[in-house]
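Just so we're aligned: the sequence shown equals residues 1 to 262 in the UniProt record's numbering.
Source of the hints: derived by calculation from the structure; they are not laboratory data. Every residue, glycine too, gets a C-beta built ideally from N, C-alpha and C. Be aware that one or more of the hints could be misleading.
Here are the computed distance ranges between Cβ atoms for each label pair [stated by the list, open to error]:
#1 Arg225 with Pro98: 45 to 53 Å
#2 Gly248 with Gly140: 14 to 22 Å
#3 Leu86 with Gly166: 22 to 30 Å
#4 Ile210 with Trp141: 23 to 31 Å
#5 Arg194 with Gly166: 41 to 49 Å
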Amino acid sequence: MIDIFPSRLPVFLSRPAEEAPCTVTLAEHVLLTGVGRWRADRIVQPRTVGVSCAGHVLLRGDPERLTPEELTPWADSYVDAPARFLPLLDSAFDRLTPWERMVWTQQAEPQPHSVPRGVTVRRLGPADAHALTALAPDRGWLAASWGGPRGLAASGHCWAALDRGGRPLALACTYFRGARYEEVAAFTTPDHRRHRLALACVTALSADIISRGHMPSWDCSVHNRASRLLAWSAGFRLVREYVHYAVGQPVTRGGHAEGRAA
Numbered sequence: 001m002i003d004i005f006p007s008r009l010p011v012f013l014s015r016p017a018e019e020a021p022c023t024v025t026l027a028e029h030v031l032l033t034g035v036g037r038w039r040a041d042r043i044v045q046p047r048t049v050g051v052s053c054a055g056h057v058l059l060r061g062d063p064e065r066l067t068p069e070e071l072t073p074w075a076d077s078y079v080d081a082p083a084r085f086l087p088l089l090d091s092a093f094d095r096l097t098p099w100e101r102m103v104w105t106q107q108a109e110p111q112p113h114s115v116p117r118g119v120t121v122r123r124l125g126p127a128d129a130h131a132l133t134a135l136a137p138d139r140g141w142l143a144a145s146w147g148g149p150r151g152l153a154a155s156g157h158c159w160a161a162l163d164r165g166g167r168p169l170a171l172a173c174t175y176f177r178g179a180r181y182e183e184v185a186a187f188t189t190p191d192h193r194r195h196r197l198a199l200a201c202v203t204a205l206s207a208d209i210i211s212r213g214h215m216p217s218w219d220c221s222v223h224n225r226a227s228r229l230l231a232w233s234a235g236f237r238l239v240r241e242y243v244h245y246a247v248g249q250p251v252t253r254g255g256h257a258e259g260r261a262a
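Assemble the whole structure, with the sequences as input and the hints as a guide.
This is how it looks when you write it as structure tokens:
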């Protein structure tokens, strides 16, 4: 596959919103922000396209046009692909694990909530990049879809509950922004959980998303009970279930391991 720079979303990636909510939000986000990568089997009238951002891949088209070696740039990723791609993915990587997912959209009013004295919930801006950087290193995924903390802070798509010193105690952000849906992600520091701070941030962000004429959406594992409870409390309701696949390292061929593309 080769890198491409599309001027519009390929037709075969598009799906009617009423049939599959949020299917192409990742692809639309990459088009909008430039954060991510498009690859195809050919530049003109591609028959197979893969869009990747923040460790997630949307793969569509004809798997017969690809070889296992062409998928190596997506090692250690989560791949959303039709079942017809499974034999190709299985031959390309040493691990192919199905991951059951749930998609929700906000359809009800969020539950009432309040924040403790001394905590402020507000939109983050460029000057808050340092606060996002200071979050635990294992929370870097929150900003990955915007190119890092600086990009997320500058996007205007992140709301946080801050203490008097400006330290984020919880936050909610648009993870992927599409033409209709904005996928919400949220996080609370371990020592401030069960105070509904994430709910306050999600509620503020959702209102902001709606003011832009978009619909808030939520994507989580069926096994993530905490995420499901937060989504329900914030007024989200289940609309779709699907499976994406966690892939491992490229399969070793001919005595050499296929490496991740630069």
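Going down the list of hints, with the structure as the test:
1. Checked against the hint of 45 to 53 Å, the pair arginine 225 and proline 98 fails, with Cβ atoms roughly 19 Å apart.
2. Range check, glycine 248 to glycine 140: about 21 Å between beta-carbon atoms, so the 14 to 22 Å window is met.
3. At roughly 47 Å, the beta-carbon separation of leucine 86 and glycine 166 lies outside the given 22 to 30 Å, and the hint is violated.
4. Separation of isoleucine 210 from tryptophan 141 is about 25 Å and conforms to the stated range, judged on CB atoms against 23 to 31 Å.
5. Under the hint 41 to 49 Å, the C-beta atoms of arginine 194 and glycine 166, about 23 Å apart, miss the expected range.
Hint compliance for this structure: hints 1, 3 and 5 are not met, and every other hint is.
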